[in-house]
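Protein chains: 2
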Amino acid sequence: MTFKRLSLIATLITLSLGSAVAADAPKPESLIKWRQSAFQVIAWNTGRIKAQLEGPYNKDEVVRAANSIAALANSGLGNLFAANTQTGKGWHDTTVKPEFFSDTAKVSELATHFSREATALAQLAPQAGDAAALKPQFVKLTATCKACHDAFKRSE
Amino acid sequence: MTFKRLSLIATLITLSLGSAVAADAPKPESLIKWRQSAFQVIAWNTGRIKAQLEGPYNKDEVVRAANSIAALANSGLGNLFAANTQTGKGWHDTTVKPEFFSDTAKVSELATHFSREATALAQLAPQAGDAAALKPQFVKLTATCKACHDAFKRSE
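So the protein lines, in turn, are chains A and B.
So the first sequence is residues 1 to 156, counted in the working numbering.
So the second sequence is residues 1 to 156, counted in the working numbering.
No lab work stands behind these hints, which were simulated from the structure alone.
Check the hints yourself; a few may be wrong.
Identical copies look the same in the list; a pair holds intra-copy or inter-copy alike.
Claimed, not checked - Using 25 Å as the maximum straight-line C-alpha spacing, the simulated DMTMM-like pairs for lysine to aspartate or glutamate come out as follows:
1) 135 to 24
2) 140 to 61
3) 89 to 29
4) 153 to 60
5) 135 to 103
6) 27 to 61
Quantities reported herein were computed from a predicted structural model and do not represent experimental measurements.
Sequences and hints are given; from them, build the entire structure.
The following block contains the structure:
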């Protein structure tokens, strides 16, 4: 077997493995749809907590909502921002700014803050018996949402 | 002040309170969008676990995904199926069947199964060191997804 033939076989194997990986990897539009969905679910749950702070306080409702936010904040949302998703459409055109894909240090810092404050809220929720006990940590959490939106989200 | 006038004032107050509540309550299209988002997030995470069962097994990835599914399964998704959301559009036209809103006993039963198996998977994940240890519980969980889809979800 010549080197040329071996090399051709190696190339074919590589191409074939490459295709297999590409076929299994989620499509960019799926990744964008999933991240848009995840942030909607977070919005639903922050809205539920806000309603408890404004109205009669239901601790169970706050615990459920805070657990959902914390689970998603720690779920690895960063995986949904693959390099091939800088533009494209999920449920709608992505609103991520190009800077998200270049300023990785800042992305990592803001994601860490979000995860930290969401985890703290979920830990506090079962102990917090009223709005006054929960509110300071909720304000800390929503500040991390705003910081990331200000830096990396285009207005729709 | 006459009774008639008092009665008019009472009616106006009632109407005004009614409007205030309606303004605060999420719109049907928001509820539908949130539930469609929640089920997309669950699909993302079941897909991640499936990939771990088929490929190299990453326990941390499974734990993160299982926690997200369990948090959403226990988040009170039923609140997103208010009576005024039998038809309507979130990201797309709802695919819920009318039976969902009449056969509440079956809905409750299937929701309980989903929640129970999702919680069990999240409890198992940190202990399961490989695909073989996790798979039986994952199969149990996805069976509860299918049971509910078969009963209450129109094909799109």
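Q. Checking residue 135 and residue 24: alpha-carbon separation at most 25 Å within a copy, between copies, both or neither?
A. between (43 Å within a copy, 19 Å between copies)
Q: Pop the pair residue 153 and residue 60 into one bin, within, between, both or neither, using alpha-carbon distances up to 25 Å.
A: neither (32 Å within a copy, 28 Å between copies)
Q.
As a check of your reading, is residue 89 near residue 29 (CA-CA no more than 25 Å) within one copy, between copies, both or neither?
A. The answer is both: 6 Å in one copy and 20 Å across copies each meet 25 Å.
Q) 25 Å Cα cut-off: does residue 135 pair with residue 103 within a copy, between copies, both or neither? A) neither (31 Å within a copy, 39 Å between copies)
Q. Can you tell me if residue 140 and residue 61 fall within 25 Å by alpha carbon in one copy, between copies, both or neither?
A. This pair counts as within: shortest intra-copy Cα distance 19 Å, inter-copy 27 Å.
Q) Taking 25 Å as the upper bound on the Cα-Cα distance, should residue 27 and residue 61 be classified as within, between, both, or neither? A) Close across copies (19 Å), not inside one copy (35 Å); limit 25 Å.
In the structure shown, a violation is registered for the earlier hints numbered 4 and 5, in ascending order.
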